[in-house]
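Trainee: Residue numbers (this note's numbering), protein chains in the order written: chain A, 1 to 184; chain B, 1 to 195.
Quick caveat, the hints were computed from the structure, so don't treat them as lab data. Careful, some of the hints might be misleading.
Quick list of in silico lysine-lysine cross-link-like pairs, DSS-like style, CA-CA up to 30 Å [claimed, not checked]:
1. B/57 to A/2
2. B/195 to B/2
3. A/90 to A/128
4. A/32 to A/124
5. A/183 to A/144
6. A/2 to B/56
7. A/2 to B/117
Spelled out, the chains give:
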Amino acid sequence: MKEVIRITSVLTLVCIICGLLLAVVYGLANEKIEINKEKRIEKALAMLAPDAINVEELTIVTETIYKLSNQNKNLIGYGFIASGQGYQGKIKMLVVTDKLLEYIKGIEVVESLETPGLGAKIQKNPFKNQFKNLSITKDITCIKNDTPREGQIKAITGATVSSRAVVNTLNKRIKEIKELLNKN
Amino acid sequence: MKNFTKGLWKNHPVFRQLLGMCPSLAVTTSAINGISMGLAVIFVLFFSSLVVSLIKKIVPHQVRIAVYTVIIATFVTIVDLFLKAQFPEISRVLGPYIPLIIVNCIILGRCEAFASKNNVRSSLSDALGMGFGFCWGLFILGSIREIFGAGSILGIMIMPANYNPLIIMILPAGAFLVLGLLVAVMNKIEASYKK
Numbered sequence: 001m002k003e004v005i006r007i008t009s010v011l012t013l014v015c016i017i018c019g020l021l022l023a024v025v026y027g028l029a030n031e032k033i034e035i036n037k038e039k040r041i042e043k044a045l046a047m048l049a050p051d052a053i054n055v056e057e058l059t060i061v062t063e064t065i066y067k068l069s070n071q072n073k074n075l076i077g078y079g080f081i082a083s084g085q086g087y088q089g090k091i092k093m094l095v096v097t098d099k100l101l102e103y104i105k106g107i108e109v110v111e112s113l114e115t116p117g118l119g120a121k122i123q124k125n126p127f128k129n130q131f132k133n134l135s136i137t138k139d140i141t142c143i144k145n146d147t148p149r150e151g152q153i154k155a156i157t158g159a160t161v162s163s164r165a166v167v168n169t170l171n172k173r174i175k176e177i178k179e180l181l182n183k184n
Numbered sequence: 001m002k003n004f005t006k007g008l009w010k011n012h013p014v015f016r017q018l019l020g021m022c023p024s025l026a027v028t029t030s031a032i033n034g035i036s037m038g039l040a041v042i043f044v045l046f047f048s049s050l051v052v053s054l055i056k057k058i059v060p061h062q063v064r065i066a067v068y069t070v071i072i073a074t075f076v077t078i079v080d081l082f083l084k085a086q087f088p089e090i091s092r093v094l095g096p097y098i099p100l101i102i103v104n105c106i107i108l109g110r111c112e113a114f115a116s117k118n119n120v121r122s123s124l125s126d127a128l129g130m131g132f133g134f135c136w137g138l139f140i141l142g143s144i145r146e147i148f149g150a151g152s153i154l155g156i157m158i159m160p161a162n163y164n165p166l167i168i169m170i171l172p173a174g175a176f177l178v179l180g181l182l183v184a185v186m187n188k189i190e191a192s193y194k195k
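With the hints as extra help, turn the sequences into a complete structure.
Mentor: This is the structure:
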């Protein structure tokens, strides 16, 4: 009986100390982590739409859409976050489109847990650049072989799941955004 | 000193003890991934060994593994949070590997086999030796796989432009192939050294 109490109390004590330590570190780090995340979206936005001088945050119900306009205050496009299930975890992307939602100007992966060296290549230029000026009047399709034609994306070798996840997430999200903006 | 050097060669954690296979095989798709993982492991191994060595007398034998795991997980989470807050770029590259360190059996192995039986000083030199041994092992593994699988080293292209990368080297099977060959090379060197 005495032994049981000793074991339990040591284990509890260790867990309490570790828990407290983590709480302190988390408290110190959390604010910065959140700021870093926001900065990352801002930076991605500036990269994808360098001519967007004015960024207006448009909130429709619970969704945030960035309305982008140039120095003459003319609407040049929209930016929005698309997130969906990837191979290992959530993939979160920033998407910038033209003002008529006819084509994508570019995408930037903000958060992902894809396999390094394989799925993680969704963040790299060869894959990302395929989305530049990609038509979105119809659903984007993801192909494995052949050369991609209009509205098609070539999957990364060895990372078809991640590539498909990006395409499916985009298709779903673009539909939602179209509906949201139409209603508005 | 002997505690330090044994991890670098004679008792090399990856090529001799064949410990920590999961991260060694999973993250070594490029040289920089290997180094980053190695450095993070050095940090966690150092502090875990320090704490385990300090509290070895008060931890009951029956729950020692649970205690070590909690300690290791705590340090890993601290590294993760620290990188996310201070070095978001590095954290983005390393992202999914950091939590993997918790299940790296080198750390638990060294805590159990060494730090819990030795004084703080030897435990720390053992931890550093094993940590650096792990780091160079992963660097070599990552370099070989990157050179053949992507034609580059540390992100710099070194193979001629018409080089067709061996995709298999980047895929999990390539990790096993390279690891097997490296272990064989280590054994060969060791055998001829003994003669």
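Trainee: For every hint, state whether the structure bears it out.
Mentor: Against the structure, the hints come out as follows:
{"no.": "1", "hint": "B/57 to A/2", "verdict": "holds (17 Å)"}
{"no.": "2", "hint": "B/195 to B/2", "verdict": "holds (22 Å)"}
{"no.": "3", "hint": "A/90 to A/128", "verdict": "holds (17 Å)"}
{"no.": "4", "hint": "A/32 to A/124", "verdict": "holds (26 Å)"}
{"no.": "5", "hint": "A/183 to A/144", "verdict": "violated (36 Å)"}
{"no.": "6", "hint": "A/2 to B/56", "verdict": "holds (20 Å)"}
{"no.": "7", "hint": "A/2 to B/117", "verdict": "holds (25 Å)"}
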